[in-house]
Amino acid sequence: MRVGILSLVHESNTFIGTPTTLDMFRSSRILIGNEVADGFEDGLNEVSGFFAGLAESDIEAVPLFYASTEPSGRITKDTCDALMQMMFEQIERAGEPDGWLVAPHGANVGEGEDYRDLDGYWLSRLRRIVGEGTPIICTIDPHANLSERMISACDATIAYRSNPHLDQREVGLQAARLMARTLRGEIRPTQAAAFPPIAINIERQLTGSAPCRPMYELADRLLDQPGVLSNSIVLGFPYSDVAEMGASMIAVTDGDTHLAESVAGKLADHLHAFRSDFRGEFIGIPEAVDMALAADGPVCLLDMGDNVGGGSAGDGTMLAHELHTRGNIRAFVCLYDREAVSSAVEAGVGTRLTLRMGGKTDALHGPPLEVPVRVRGVYSGRFSESEIRHGGRTAFDMGQTAVVDTDSGLTISLTSRRVVPVSLGLMTSCQLRPDAFDVIVAKGVHAPVAAYAPVCTRLIRVDTPGATAADMRKFEFRHRRRPLYPFEEI
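Here the sequence shown stands for residues 1 to 490, where the numbers follow the working numbering.
Keep in mind that a hint or two might mislead.
Pairs of lysine-lysine residues, derived as BS3-like cross-links and limited to a Cα-Cα distance of at most 30 Å, are as follows [claimed, not checked]: (1) Lys360 / Lys474; (2) Lys474 / Lys77; (3) Lys360 / Lys77.
Source of the hints: derived by calculation from the structure; they are not laboratory data. If you're wondering where the values come from, they're calculated on a predicted model, not measured in any experiment.
Full structure from sequences and hints, please.
See the structure below:
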């Protein structure tokens with residue numbers, strides 16, 4: 001038996017003016033053929049789980065295509081065309097695998113009508129090529145905006161069950177084992193999805209806590225029903241202006257469509273009944289800093305409006321300004337700013353100079369912080385993570401990084417590349433200890449939790465402005481469903 005492996009991963013924030021280009025994918029990762037195996041056979045994400053699960057069943061993995069880049073704006077049409085050409089050239093060369101394991105993100109959005117639902121486009125195209133008799137089993141990020149085309153194209157779809165995403169390899173293993181049972185004729189996966197008209201606020205999407213946790217506990221109980229192979233809660237990605245934006249539920253059964261519809265429907269009913277719990281809590285900047293200073297540190301302030309994992313700029317200065325103005329606070333902030341890095345490196349370690357830091361990508365995230373600083377250190381920005389962290393990544397590259405101190409007690413790490421703060425290596429690789437600070441700012445919502453919760457006494461999610469502002473009602477949607485709670489009552 002042979003099983004083809006394909007993956008295209010991007011979280012597309014359509015409210016960002018800067019588009020995502022092919023060069024951005026190339027500078028991150030595009031892998032063809034055996035390069036996919038070399039990059040993922042021993043990793044921690046779902047593609048690594050595909051390889052491991054197929055190997056344990058003596059099924060030959062046929063690695064074909066993988067492409068990803070950091071969350072950012074809509075993918076240009078030329079980039080979509082190029083990626084599709086690369087992917088389907090590999091599909092044509094693969095012959096006729098007995099099955100397909102596929103890993104789209106689920107929130108890939110491209111320019112043009114064909115690519116608005118990019119994942120639905122390429123999955124449907126794959127289905128037309130391989131026919132109805134060849135199983136396609138899919139894994140997705142729970143921040144997907146699931147489409148009917150995605151469900152129709154696949155025999156089974158499984159979303160990660162944790163946010164922060166710590167179970168990607170496990171979900172890949174689950175998908176591969178489901179494929180093995182399917183190819184042996186033991187099961188016939190059939191799936192159904194429910195699409196309640198509800199969008200879950202990003203601030204409410206921590207799966208280990210209420211209000212998500214009771215919903216996942218119900219999902220776990222529903223797995224005990226005979227014939228249920230899997231179920232998934234798709235939390236949705238609120239920063240994509242597409243018709244599919246919002247939550248959805250998936251159930252996979254052994255050949256029983258009615259049972260799949262029933263299980264997905266029960267999960268949708270739960271969300272509908274408790275929908276008001278998923279609206280979100282919005283704590284302003286001054287209040288959040290007051291709360292942090294009233295607690296024993298270090299306290300982590302999660303900068304939701306400049307959430308790099310949601311596509312934001314990574315150079316938002318609103319919290320930096322507040323902390324600097326307060327003064328006499330041992331605080332840490334990371335800002336993406338190549339220009340400031342170059343100036344600090346040129347000045348040299350130990351030098352004092354005035355830097356204009358952050359706030360340069362757009363006008364959404366606060367003005368630059370221009371203050372005198374002392375250059376504390378210069379670093380390569382490369383580090384490794386040995387623990388399972390959000391996204392399953394183990395190798396990180398912030399680009400050349402300069403750490404500077406202000407006279408107010410603020411320490412700023414200036415990076416040459418945007419970095420999602422899912423690892424403490426962001427600090428420790430620059431010889432910074434979390435316990436040396438009263439306040440640590442992390443530009444995310446839930447992705448940083450696994451790394452920062454063990455070293456912080458409290459995590460506070462802050463309602464900062466930006467391209468990933470927590471209150472989705474502040475964005476102008478033209479394509480979303482209507483009615484859709486909490487925009488409209490249902």
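How the hints compare with the structure:
no. : hint            : in the structure
1   : Lys360 / Lys474 : holds (22 Å)
2   : Lys474 / Lys77  : holds (27 Å)
3   : Lys360 / Lys77  : holds (26 Å)
Every hint, counting from the list given before, is met by this structure.
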